[in-house]
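Given next are the chains, with one letter for each unit.
Number of protein chains: 2
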Amino acid sequence: MTRKPLVTALIAGLAVSAVSVVQAAQPNLSAELREKAKAIIQPIEPAKIEHPAKVDLGRQLFFEPRLSMSGIISCNTCHNLSLGGVDNLKTSIGHKWQPGPVNAPTVFNSSLNIAQFWDGRAADLQEQAAGPIQAQVEMAMPHTLAVAVIQSIPGYVETVKAIYGTDVVTLDHITDAIAEFEKTLVTPNARFDQWLKGDDKALTATELEGFKIFYESGCIACHNGPNLGGNSFQKIGVVEPYKSTSPAEGRAAVTKKDEDRWYFKVPTLRNVELTYPYFHDGEAATLEDAVTLMGRLQLGRTFTDDELKKVVAFLHTLTGERPQMPLPLLPPSGPETPRPDPFK
Amino acid sequence: MTRKPLVTALIAGLAVSAVSVVQAAQPNLSAELREKAKAIIQPIEPAKIEHPAKVDLGRQLFFEPRLSMSGIISCNTCHNLSLGGVDNLKTSIGHKWQPGPVNAPTVFNSSLNIAQFWDGRAADLQEQAAGPIQAQVEMAMPHTLAVAVIQSIPGYVETVKAIYGTDVVTLDHITDAIAEFEKTLVTPNARFDQWLKGDDKALTATELEGFKIFYESGCIACHNGPNLGGNSFQKIGVVEPYKSTSPAEGRAAVTKKDEDRWYFKVPTLRNVELTYPYFHDGEAATLEDAVTLMGRLQLGRTFTDDELKKVVAFLHTLTGERPQMPLPLLPPSGPETPRPDPFK
Ligand code: HEC
Ligand code: HEC
Ligand code: HEC
Ligand code: HEC
Ligand SMILES: [Ca+2]
Ligand SMILES: [Ca+2]
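Line order of the protein sequences matches chains A and L.
Quick note on numbering: the first sequence equals residues 7 to 350 in my numbering.
Quick note on numbering: the second sequence equals residues 7 to 350 in my numbering.
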């Protein structure tokens, strides 16, 4: 537990400031908590769209099942934008109904994370997007074939030409456009953000008390920043070891350092109401389960039923406005477009 | 071939009128063909929306993966509205990656068909919609569980209450809303329709000649009405038997009459560019293949390469404007919402 001085120091620091919050007069609780909160959590701001044409192309590609070997799996299959940017499965189902190794994280607000994937093995969204297209348990589509498919669709070639100034489609065009689209997938205006920005009425008393517990008990040590997470790698099982049958070993897979085993990117708590089940292995079915475990494993703390209810109520206030968008219409295949092969 | 006098008579009738068309002076070809065409093909008209609230609910349900046992299959998986309302697979892939028995027809303009499914076993869209939810090879979701899922989602209960005036969700509500939504999935304003409505410039000379061949050779005997099909059951293999390994026996499955074997609902040719592969078994990969076979099997006619090219060019003019719609945002699951089970 002492291996990460930053975390420990933060938790200790919070424990001190927590005392003063508890002692604050009730009428000022909201205002006082807000000042502390604002120091470590920032509201989600609406997306600034720099390249509208790239965003439109990226949206098409995000919904493009022809990027998969089977012809029926798109990014949106596992990161359903009609839901919470997830599939709500313990671990994802991909090509040929193969179960993936880990739970699919949301694409909402993922641009705010320090790195992509549970173990952070992709530096950014563009690097990330190349992965699932080719992964055997996801879309199972060799990159050369994915590029050939897009190249064979006249509507795409025209768009790529207009944006990138070339007739020759590359994987970089595909992943660049997808990444630009994903940057627009932010969820501003959650009730918690309204409260952060000064609206005392945005939260109920129960929700505010829930945030107080979240803040004071030390959750905030790891779940902070605009995403309430996503900005550091932390061990699951700081106080008590986490038991999992999942083969995922976390950050160690990237750093090859044994001491990084069980370190995962702290997931965002934004829209956490929508992103069940929880943890990298999807083993926590409900927010109640996840919060109970977090208390015990990370902080050695057992919440009372009342505390648990309040923390969960607070977490529900992190549901923001999901991006509204047109259903993209995809350009027709050309005569040479390679056909899907669901059993390959 | 004599068993259906209507078809035979129609083909004979067309053969006669065809002569006069061929003999017409070139400048009048377009106008003269149009008069004949208008007598048997009608343009697709934009949808009249009678119940906007039902349409919105139906759109949500059409995109709702929680209506499937796995939690990842929705109507839109197989009838992808970003594409041609189809999955472009030979036969669909459903729950646990099981292949379905037949090719998925488009949901675009399906409200104009006399009945639903290749064998017409559902009278209308509402009756149809109950099928795939429960079908083991599609969504594999018992109706009671599908209804329980919707009943458990507060946002849906609210909407059902507002539309149907009750708190108790039924399967009828679900299928009624889906059907109302599907009625809006029409594709007006195809270039062929613009031509039908009087715009001579909407078609190229090649396309117009293609239509002339389509008309004169007798395709129009079965592919007529606003959907260029969808309004009768016809035998595949009128002149020459169709060879298929598919177990589907067509209309006989409904009527239990042996003489109805190999009778299928004539598919619409609207948007046929987008609905590859072709036939109930998906065995024709391209429009060239489908048209060649139709000529031989249905009419005993072998097209020249030039004729084939022209007919296919004409078929491409049947691509209409696909419906533009917002991506629906689905209401969050409630605490009691049954969880998916992809391996059940
Ligand atoms: C078959 C399911 C599946 C498909 C298809 C899929 N993903 Fe994922 N996605 C996952 C899973 C599972 C992870 C977590 C993998 C890991 O961390 O090792 C993930 C991780 C991500 C992440 C990282 C988020 C974060 O915060 O770490 C992003 C971004 C993402 N996917 C975007 C995409 C895009 C873009 C596509 C399409 C090109 C796509 N995904 C296709 C299942 C899928
Ligand atoms: C020492 C760092 C740390 C602390 C303290 C901490 N967490 Fe976490 N939290 C994590 C990590 C790491 C994960 C991901 C673990 C995994 O998936 O294996 C996580 C996951 C979660 C999840 C699941 C999110 C998801 O989408 O899967 C919830 C909910 C959560 N934490 C809430 C809390 C609460 C509430 C507290 C305080 C009681 C807390 N956390 C304290 C690091 C921490
Ligand atoms: C797993 C793939 C799959 C799913 C999921 C699916 N369908 Fe289908 N659909 C098919 C296939 C295959 C057929 C043809 C079946 C037949 O004719 O026997 C079909 C036929 C239809 C038809 C008939 C069209 C016509 O002209 O005959 C309609 C309408 C339809 N589906 C709507 C829906 C709706 C609504 C849902 C969701 C509730 C849905 N489908 C889910 C594959 C699917
Ligand atoms: C006697 C009736 C009849 C005639 C004449 C006829 N068709 Fe068809 N057509 C059908 C039937 C029935 C099917 C569906 C067969 C099946 O799927 O088993 C069909 C299917 C098709 C398809 C595939 C559509 C799809 O979505 O699968 C095309 C294309 C087509 N016809 C074009 C033509 C052309 C071009 C002609 C003239 C050369 C023609 N048809 C003549 C009855 C007819
Ligand atoms: Ca999750
Ligand atoms: Ca087809």
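If you are wondering where the hints come from, they were derived from the structure by calculation, not from laboratory data.
In this text the structure is predicted, and so the values were computed from the model without any measurement.
Some clues are possibly wrong.
In this list, chains with the same sequence are indistinguishable; a pair is considered to hold if it fits within one copy or across any two.
Mimicking BS3-like on lysine-lysine, the simulated pairs with C-alpha atoms at most 30 Å apart in a straight line are [what the hints assert, rightly or not]:
(1) K203 with K54
(2) K263 with K167
(3) K102 with K263
(4) K350 with K249
(5) K350 with K102
(6) K44 with K167
(7) K102 with K44
(8) K315 with K167
(9) K249 with K42
(10) K44 with K350
(11) K262 with K350
(12) K207 with K167
(13) K262 with K203
(14) K203 with K249
(15) K315 with K54
(16) K167 with K42
(17) K102 with K167
(18) K263 with K249
(19) K44 with K263
(20) K315 with K263
Results of checking the hints against the structure:
For a Cα distance limit of 30 Å, the shortest separation of K203 from K54 inside one copy, 19 Å, qualifies, whereas the shortest one across copies, 44 Å, does not. In this homomeric assembly, K263 and K167 never come within 30 Å of each other (Cα to Cα): the closest approach is 44 Å inside a single copy and 57 Å across copies. Taking the shortest alpha-carbon separations for K102 and K263, neither the intra-copy value of 34 Å nor the inter-copy value of 38 Å comes in at or below 30 Å. Taking CA atoms no more than 30 Å apart as the test, K350 paired with K249 passes between copies only; the shortest distance there is 25 Å, against 36 Å inside one copy.
For the homomeric pair K350 and K102, the shortest alpha-carbon distances inside one copy (9 Å) and between copies (16 Å) are both at most 30 Å. For the identical chains of this complex, K44 and K167 are neighbours neither inside a copy (45 Å) nor across copies (40 Å), given an alpha-carbon limit of 30 Å. In this assembly of identical chains, K102 and K44 lie within 30 Å of each other by CA distance neither inside one copy nor across copies; the values are 46 Å within and 47 Å between. Within a single copy, K315 and K167 get their C-alpha atoms only as close as 54 Å, which misses the 30 Å cut-off; across copies the closest is 29 Å, which meets it.
In this homomeric assembly, K249 and K42 never come within 30 Å of each other (Cα to Cα): the closest approach is 34 Å inside a single copy and 75 Å across copies. Taking identical chains as interchangeable, the C-alpha atoms of K44 and K350 are never at most 30 Å apart, the minima being 52 Å within one chain and 46 Å between chains. With identical chains, the CA atoms of K262 and K350 are never at most 30 Å apart, being 33 Å at best within one copy and 37 Å at best between copies. When the C-alpha separation of K207 and K167 is checked against a cutoff of 30 Å, the pair qualifies only between copies, where the shortest distance is 28 Å, while the shortest distance within a copy is 50 Å.
With identical chains, the CA atoms of K262 and K203 are never at most 30 Å apart, being 42 Å at best within one copy and 69 Å at best between copies. Taking the shortest alpha-carbon separations for K203 and K249, neither the intra-copy value of 39 Å nor the inter-copy value of 69 Å comes in at or below 30 Å. Proximity of K315 and K54 under a CA criterion of 30 Å is satisfied in neither setting, with 36 Å inside one chain copy and 48 Å between copies. Taking the shortest Cα distances, K167 and K42 never come within 30 Å of each other, neither inside one copy (50 Å) nor across copies (43 Å).
In the homo-oligomer, the alpha carbons of K102 and K167 never lie at most 30 Å apart, since the shortest distance is 34 Å inside one protomer and 39 Å across protomers. Proximity of K263 to K249 under the C-alpha cut-off of 30 Å is restricted to the intra-copy arrangement: shortest distance 20 Å within a copy versus 62 Å between copies. Proximity of K44 and K263 under a CA criterion of 30 Å is satisfied in neither setting, with 35 Å inside one chain copy and 75 Å between copies. When the C-alpha separation of K315 and K263 is checked against a cutoff of 30 Å, the pair qualifies neither within a copy, at 38 Å, nor between copies, at 63 Å.
Checked against the numbered hints given earlier, this structure breaks hints 2, 3, 6, 7, 9, 10, 11, 13, 14, 15, 16, 17, 19 and 20; the rest are met.
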